[in-house]
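Taken in order, these protein sequences are the chains called R and U.
Counting in my numbering, the first sequence runs from 1 upward without gaps.
Counting in my numbering, the second sequence runs from 401 upward without gaps.
These are computed hints drawn from the structure, not numbers from a lab.
Here the structure is a predicted model, which is why all the values come from computation and not from measurement.
Glycine included, every Cβ here is placed at the ideal spot set by N, Cα and C.
It is possible that part of the hints are untrue.
Stated by the list, open to error - BS3-like, lysine-lysine: derived pairs with alpha carbons at most 30 Å apart:
#  : chain 1 : residue 1 : chain 2 : residue 2
1  : U       : K619      : U       : K653
2  : R       : K367      : R       : K298
3  : R       : K197      : R       : K367
4  : R       : K112      : U       : K653
5  : U       : K676      : R       : K124
6  : R       : K150      : R       : K124
7  : R       : K61       : R       : K8
8  : R       : K367      : R       : K288
9  : R       : K124      : U       : K653
10 : R       : K187      : U       : K653
11 : U       : K676      : R       : K112
12 : R       : K56       : R       : K23
13 : R       : K288      : R       : K364
14 : U       : K581      : U       : K703
15 : U       : K652      : R       : K150
16 : R       : K150      : U       : K653
17 : U       : K652      : R       : K124
18 : U       : K652      : R       : K187
19 : U       : K652      : R       : K112
Claimed, not checked - To give an idea of the interface, some chain R residues facing chain U are shown, with a C-beta separation under 7 Å as derived from the structure:
#  : residue
20 : S114
21 : P115
22 : R119
23 : G135
24 : V141
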Amino acid sequence: MAEITMPKMSDTMLEGKVIRWLKHEGDQVAEGEPIAEIETDKANVEMEAFEAGVMKQILVKEGETVPVGQPIAVLETLEAEEMPPVTAPPPSEAAPAIEEKPLAPPEAERVKASPLARRMAEEKGIDLSRIQGTGPDGRIVESDVENYLKQMQAAAAPPPVIEAPSPPKPPAIEVPTEERELSRMRKTIAERMARSKQTIPHFYVTSEVEMDWASRMRDELNMDESQTKVSFTDMVIKACALALAGFPEVNASYSEDKLLMHEEINIGLAVALEDGLIAPVVHNADRKSLRRIASETKELAQRARENNLRATDYTGGTFTVSNLGMFDVESFAAIINPPESACLAVGTIREVPVVVDGQVAVSKRMKATISADHRVLDGAVAAKFLQEVKRRLESPIGLL
Amino acid sequence: MAQTIAYREALNQALREEMRRDPDVFIIGEEVAEYGGAYKVTEGLLQEFGPERVIDTPISEEAIVGTGIGAAMIGLRPVVELMTINFSLLAMDQIVNHGAKLRYMSGGQLQIAVVIRAPQGAGLQLGAQHSQNLESLYAHIPGLKVVIPATPADAKGLLKSSIRDNNPVMFLEHEMLYASKGEVPDEEYLLPLGVAEVKRVGSDVSLISYSRMLLLCLKAAEQLAGEGIDAEVVDVRTLRPLDAETIVGSVKKTHKAIIVEEDWRFAGMGAEIASKIVEGAFDYLDAPVMRVAAAEAPMPYSKQLEQLALPSADEIVSAARQVTGRRLETVDRRQ
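Using the sequences and the hints given, assemble the complete structure.
Okay, structure coming up:
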C-alpha cells in the first residue's frame with residue numbers, strides 16, 4: 001500500500017489543485033502512468049505514478065486544493081501484495097529497529113512504544129514487535145521491555161558462557177593505536193552478528209560438491225552474449241531454493257516457544273561493500289528461472305554497492321548464501337543471519353585429483369558448509385539438506 | 401534554628417530586612433501603608449520606615465507601576481504591590497512596554513530594578529475577573545523575571561533575591577497561601593532566582609508544579625505512596641528564567657511527567673515545561689507528558705463549580721495512575 005501525496009512540482013509550489021483524476025478507484029495503474037492533472041502555482045502538470053498498482057482510494061475531490069505533502073490517494077502496490085510474510089533485514093543501515101519481525105502483516109503498522117522503551121530496545125537489540133505492550137492503547141512501556149528481557153534470559157538456558165564481548169573495549173595492547181568511530185553499518189553488523197553467535201547454537205556441516213557439470217553448463221549458458229551471465233552463486237542460490245522446498249525446517253525461524261515455518265523461500269545473498277556487507281534478497285527463488293535469478297542478483301548487488309537498495313530488497317530473507325570463492329577460499333563457516341535458521345557458505349571451485357572407478361581423474365570440486373541453528377534443526381537434517389543441495393548442483397539441468 | 405511562620409509573615413520579614421539593609425528600597429501601592437496591605441503583607445512597615453518609604457497611592461495601577469519604573473530608572477529599588485494580579489492588566493503597558501524593555505532599549509544605560517508583587521489564584525469565590533492566574537502572560541515577555549513561590553521559606557528567600565535583582569521581577573503570590581505556615585530559617589538567607597527544587601524525592605513519576613498547586617502535589621504524592629506509586633515533586637519556583645535542568649533531570653529519573661498548574665491549560669506554563677521535557681528527556685519518556693490544569697472557562701462564582709473547575713489532588717492521583725499504567729482510566733475530562 002502506498003500513499004500518494006501532493007507532489008512539489010516547482011520550487012515555489014506550496015499547494016496544488018487536483019483538476020482531474022485520470023485514474024479512478026479500482027483502476028490499474030502502471031509505473032509512470034499519469035494518474036491526475038494537477039494545477040500548480042505555475043502550470044497544469046500531469047502527475048505520474050511512481051509505482052504500479054491498483055488505485056485503492058481517492059482522498060481529494062476534483063477541484064480541491066491541498067498543501068504539498070498531503071495524501072491525495074492510496075495506491076495498492078503490487079509489491080505490497082508480494083511482500084513476504086517475513087521481514088528480516090540483514091545488516092543494514094536502514095532499519096535496525098524492526099529486525100527479526102517474525103510474522104508482520106503486509107503493511108506493518110508502526111509499533112506503539114514509549115521513547116524510553118524504544119531506546120531500551122535499541123540498546124539491547126530487541127525487536128519491539130515481539131513484545132506485547134501493556135500501556136494505554138497497547139503501548140510498549142519500560143516494564144514490558146524489562147519483562148521481555150527477563151523472559152529471554154530465563155529462556156536462554158543454559159546461559160552461554162561468553163567472555164563479555166560487549167561493549168567492545170579497546171584492546172589492551174601497548175602499541176600506537178588510532179581510534180575510529182564505528183559507522184552505522186559496522187555497528188549494526190557488530191551488534192547483529194554478536195547476538196547471533198551468542199544466542200544461536202550454531203553447528204556446521206561441510207560437504208564437497210562435484211561441479212564438473214555445473215561448470216560446463218554455466219559455460220554453455222554464458223556463450224550467449226546477449227543474455228545475463230549466470231554465476232556459480234546464482235546456481236547455488238537456485239539449488240538451495242529448490243532443496244529448501246523439501247526441508248521446511250531449514251526454511252524456518254526460532255521464536256521463543258514456537259517455530260515459524262515460512263511459506264516463501266527467499267534467499268539472501270551476502271554482498272561485500274567497502275565498509276561492510278549487506279544481504280539483498282531474491283524473493284521466491286524456488287519459483288524463478290536461473291536466468292531471472294542471475295539478472296536479479298546482478299541488479300541487487302549493483303544497487304547494494306550504490307547504496308540504493310529499497311526496503312523490500314533486503315527484507316524477508318529466509319536463508320542466506322555466502323560465497324567467498326572469488327578469494328580462493330577453500331571453505332569457511334558463516335554466522336547465521338537472524339532470524340533465519342541456516343546459511344550456506346561456499347568456497348572456491350578447484351580442480352583436484354579424485355578417484356573414480358579405481359582411476360585417478362581430475363574433477364572440479366567446491367566445498368559447501370552449512371551453518372545451522374540447533375534449536376531448530378539437528379545434524380542429520382542439516383546433512384540431508386546439504387546432500388540435496390549437492391545432488392542438485394551435481395545434476396544441474398534441474399536448476400534452469 | 402527555624403521558626404514556623406505564615407507565608408505573609410515571611411514576605412513581611414523579607415521586605416523589612418531588605419528595607420533595613422538598603423535605603424533605596426521602598427514600597428508603593430494601594431493600602432500598603434495605613435492599612436498594612438490588602439493581605440497584611442506590609443503590616444508595621446509604615447511605622448518602622450515612615451511615609452516616604454511606604455507609600456499609599458490612589459487607585460490607578462498604571463500610575464503605581466509607572467511610578468515604580470520611573471523610580472527604578474533613577475536607581476531606586478521599588479517594591480510595587482498590586483492588590484491582585486487581575487489589576488495588573490491595567491498596567492500592562494507599563495510592565496510590558498516599559499519595565500521589560502527600557503534596559504534593552506537604552507543600551508543598558510537604565511536599570512529597572514523593580515519588583516511587582518501581586519497575589520493571584522482562585523478558590524475564594526471572587527468571580528471570574530478576580531480569580532485569574534496570569535503567570536504565563538508575564539513569563540512570555542523577554543526582559544521580565546517571574547517568581548512564584550509556594551512555601552513561606554521560598555517566599556522569603558526569593559523575595560529578598562528579587563529585590564536585589566537588577567531586572568524587573570513579577571513576584572506572584574497566591575491568595576490562598578498567605579495563611580499557610582512553614583518553617584523558615586531564623587538567620588538571614590537568600591534563594592537564587594531560576595533554580596527549581598525537588599520538594600519530595602520519588603522514583604515513579606515527576607509531579608512538576610509551583611505556587612499553591614505544589615501543596616496539592618505533595619498531598620497527592622502522599623496518597624500515591626499508599627498505592628505504591630513513589631512520586632517526585634518538583635517545585636519550579638521561578639518560571640522565567642526556567643530551571644529546565646532540574647525538571648529534565650527529574651523526568652530522566654522517573655520517565656513520567658505530570659505538570660500541574662492552576663492556570664488554564666491552553667498556552668499555559670505547562671505547555672512550555674512539557675516542551676522543555678520533550679526536548680531534554682525525549683528518549684527517557686515512558687508515557688506522554690500530562691498536564692493537570694484548570695477548566696477552559698472563566699472561573700465560576702458558584703462555590704461548587706469553582707471547586708470543580710480547579711485542579712484537585714484526586715485529579716493528580718488519577719493522572720499519576722494513568723501514566724504509571726496502574727489504572728487505565730480517563731482523567732482528562734476537559735480536553
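Here's how the hints hold up against the structure:
1. The straight-line distance between the Cα atoms of U:K619 and U:K653 is roughly 21 Å, inside the 30 Å bound, and the hint therefore holds.
2. For the given pair, R:K367 sits about 23 Å from R:K298 by alpha-carbon distance, which is consistent with the 30 Å threshold.
3. Our distance criterion of 30 Å between C-alpha atoms is met by R:K197 and R:K367, whose separation comes to about 22 Å.
4. In summary, the hint linking R:K112 to U:K653 is supported, as the alpha carbons are separated by about 22 Å, within the 30 Å threshold.
5. Proposed proximity of U:K676 and R:K124 is supported: the alpha carbons are some 27 Å apart, at most 30 Å.
6. Of the pairs offered as hints, the one joining R:K150 and R:K124 holds, with about 12 Å between alpha carbons and a cut-off of 30 Å not exceeded.
7. This hinted pair checks out: R:K61 and R:K8 have alpha carbons roughly 19 Å apart, not beyond 30 Å.
8. Using a Cα cut-off of 30 Å, the hinted pair R:K367 and R:K288 holds, with the two alpha carbons roughly 25 Å apart.
9. For the proposed pair R:K124 and U:K653, the alpha carbon gap of about 19 Å is at most 30 Å, so the pair holds.
10. Distance restraint check for R:K187 and U:K653: the Cα-Cα separation of roughly 28 Å lies within the 30 Å cut-off, and the hinted pair is therefore satisfied.
11. With a C-alpha separation of about 23 Å, the suggested pair U:K676 and R:K112 falls inside the 30 Å cut-off, and the hint holds.
12. The hinted pair formed by R:K56 and R:K23 meets the criterion: a straight-line CA distance of about 10 Å does not exceed 30 Å.
13. Taken as a hint, the R:K288 and R:K364 pair is honoured in the structure, with Cα atoms around 26 Å apart against an allowance of 30 Å.
14. For the suggested pair U:K581 and U:K703, the alpha carbons sit about 25 Å apart, so the restraint of at most 30 Å is met.
15. Our distance criterion of 30 Å between C-alpha atoms is met by U:K652 and R:K150, whose separation comes to about 23 Å.
16. Between R:K150 and U:K653 the CA atoms are separated by roughly 21 Å; this keeps the pair inside 30 Å, and the hint holds.
17. Pair hint U:K652 plus R:K124 holds up; C-alpha atoms about 19 Å apart against a cutoff of 30 Å.
18. At roughly 26 Å between alpha-carbon atoms, U:K652 and R:K187 fall within 30 Å of each other, so this suggested pair holds.
19. Of the pairs offered as hints, the one joining U:K652 and R:K112 holds, with about 20 Å between alpha carbons and a cut-off of 30 Å not exceeded.
20. The restraint placing R:S114 at the interface with chain U holds, with a minimum CB-CB distance near 4 Å, inside the 7 Å limit.
21. Below 7 Å, beta-carbon pairs count as interface contacts, and R:P115 has one with chain U at about 5 Å; its hint therefore holds.
22. The interface hint given for R:R119 holds, since its Cβ lies 4 Å from the closest Cβ of chain U, which is under the 7 Å cut-off.
23. A least Cβ separation of about 5 Å between R:G135 and chain U falls short of the 7 Å threshold, and the interface hint therefore holds.
24. Hint on R:V141 holds. Least Cβ distance to chain U is approximately 5 Å, under the 7 Å limit.
Every hint from the earlier list agrees with this structure, and none is contradicted.
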